[in-house]
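K.L.:
In order, the protein sequence lines correspond to chains A and B.
Position 154 of the first sequence, counting from 1, maps to 154 under my numbering, and the rest follow consecutively.
Position 154 of the second sequence, counting from 1, maps to 154 under my numbering, and the rest follow consecutively.
These are calculated hints, taken from the structure and not from any lab test.
Treat each hint with caution, since some may be false.
For identical chains, the list gives no copy identity; a pair is met inside one copy or between any two copies.
In the DMTMM-like style, the derived pairs of lysine to aspartate or glutamate whose C-alpha atoms are separated by at most 25 angstroms in a straight line are [stated by the list, open to error]:
{"hint": "1", "residue 1": "K52", "residue 2": "E269"}
{"hint": "2", "residue 1": "K67", "residue 2": "E235"}
{"hint": "3", "residue 1": "K218", "residue 2": "E138"}
{"hint": "4", "residue 1": "K52", "residue 2": "D267"}
{"hint": "5", "residue 1": "K132", "residue 2": "D65"}
{"hint": "6", "residue 1": "K218", "residue 2": "D180"}
{"hint": "7", "residue 1": "K52", "residue 2": "E164"}
2 protein chains.
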Amino acid sequence: MDIRPIGVFDSGLGGLTAVRVLRRILPEENLVYFGDTARVPYGGRSRETLLKYARQDLRFLRSLDLKAILIACGTVSTTSLDALQAENDLPIVGVVEPTCRRALLVTQKKRVGLIATLASVRSGAYESMLRKLDSSMEVFCQPCPLFVPLVENGRFRRGDVVIETIAREYLEPLLAQEIDTLILGCTHYPLLEEVISDVCGPGVALVSAGEESAFELKRLLTAQNLRGPSDRQGEANFFVSDQAEDFQRIASVFLQEDLQHVAGRVDIEQF
Amino acid sequence: MDIRPIGVFDSGLGGLTAVRVLRRILPEENLVYFGDTARVPYGGRSRETLLKYARQDLRFLRSLDLKAILIACGTVSTTSLDALQAENDLPIVGVVEPTCRRALLVTQKKRVGLIATLASVRSGAYESMLRKLDSSMEVFCQPCPLFVPLVENGRFRRGDVVIETIAREYLEPLLAQEIDTLILGCTHYPLLEEVISDVCGPGVALVSAGEESAFELKRLLTAQNLRGPSDRQGEANFFVSDQAEDFQRIASVFLQEDLQHVAGRVDIEQF
């Protein structure tokens, strides 16, 4: 048994969708979330910049004595996970491998689509992992650079012509490839599930990266005997690197609950 | 006469619309452009973070021995110009004052609209300047957080339902106030001129912040005898803080010419 908290980080507040899943499946655990809101979005940045940012994010979280870390950022997971795991002596779970394992279970036709940020798609990490798990897998990728700003500006609801038009444009090339499984490779995308389902229809199963990595973390904590005491309700603490003013409103959207917390402010360049 | 170059900076590549105007009205001048592409967008960041970034941007440019600086970033101009001018001994032109002077000349009804990033609108800088210049001026502001990502993803053309829907939503509250003049308070927005004109109709005059600040810089160089030799064609050099890969393609859009230059890479955190 281990009462230390689990750390979760993302470039912004999208990773809170993974926190929501963790609170559901590991209600007894304490969580610490860090969102690098001063430097969001990570999606278009170079590998070199991403690794630098990810190291700083991790150094901040490790200053809090954690037992494990979930990287809820698809971009960091696809570009920097190996380096971070090699440099740190605690369990670090990314989003790529658990998500690909799930996609492999779900697909019938072995035709899988991936939507993600430009950096995640460019990294080729989901493709290589899927092919490593099953070399006969066909993977079709589509970067969706406008999904994050649209979600962050509240444009994620059914009936909104803007998000529906963009979603159709991004998804139609994948549907033309007759995929039967679609990986949502960015933690913002669960909020678009309805819109994406409407475009894809019932023939395409959606696999959410944030959700699968939360399940993977639960398996790992159980296997390594790192779970917290089951007779308590865990707490969550939130930190951001830029203004915390809008945190409560935006975080409530991602967590899909009425959040009463304020977020602490971290000067991330100091780490 | 002064042969040193003029520095221009912006959070990303939008400020190149100001470079385009400078090359037209000051063709003999050498220009150095810096786009902080590693930390774009500035629009949603806190004042404190913005001042820190702006100081670093300026320190980099000053390492190149310039005669004057144009801050083509609306967000920096509205939040940090006074501090930067106080700390530096060369002429620094922002976008706010020249743009407001122009709006004052253009408006008949003294009802002026402003569209800009969230940080620029929050700063209240355009409003205070307009009222300082004419206390009877009525100013109506609208933050347009989706314009920058849409423009950067090529969604700025007439006939695109996405940009037209967003533009209508942003502009209709201003039109309901019967403005006759609209300030485009962000250097990305000149690319949206057609779409914005279509929504606003002929009764609203558009004033572009980038263009007015370029004219102001020309006046200032002339007045202070800092103009370059008129018998030459000036050159432009470009620097960015993150990957320069896509620079040529994106820069060509903003400059509206076929750019043959590559951009140098700057580690801006070192400044």
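K.L.:
Please go over all the hints and tell whether each is borne out by the structure.
P.N.:
Hint check:
| no. | hint | in the structure |
| --- | --- | --- |
| 1 | K52 to E269 | both (10 angstroms within a copy, 11 angstroms between copies) |
| 2 | K67 to E235 | within (15 angstroms within a copy, 56 angstroms between copies) |
| 3 | K218 to E138 | neither (29 angstroms within a copy, 58 angstroms between copies) |
| 4 | K52 to D267 | both (15 angstroms within a copy, 12 angstroms between copies) |
| 5 | K132 to D65 | neither (34 angstroms within a copy, 53 angstroms between copies) |
| 6 | K218 to D180 | neither (27 angstroms within a copy, 60 angstroms between copies) |
| 7 | K52 to E164 | neither (35 angstroms within a copy, 38 angstroms between copies) |
Taken one by one, the earlier hints fail for this structure at numbers 3, 5, 6 and 7, listed in ascending order.
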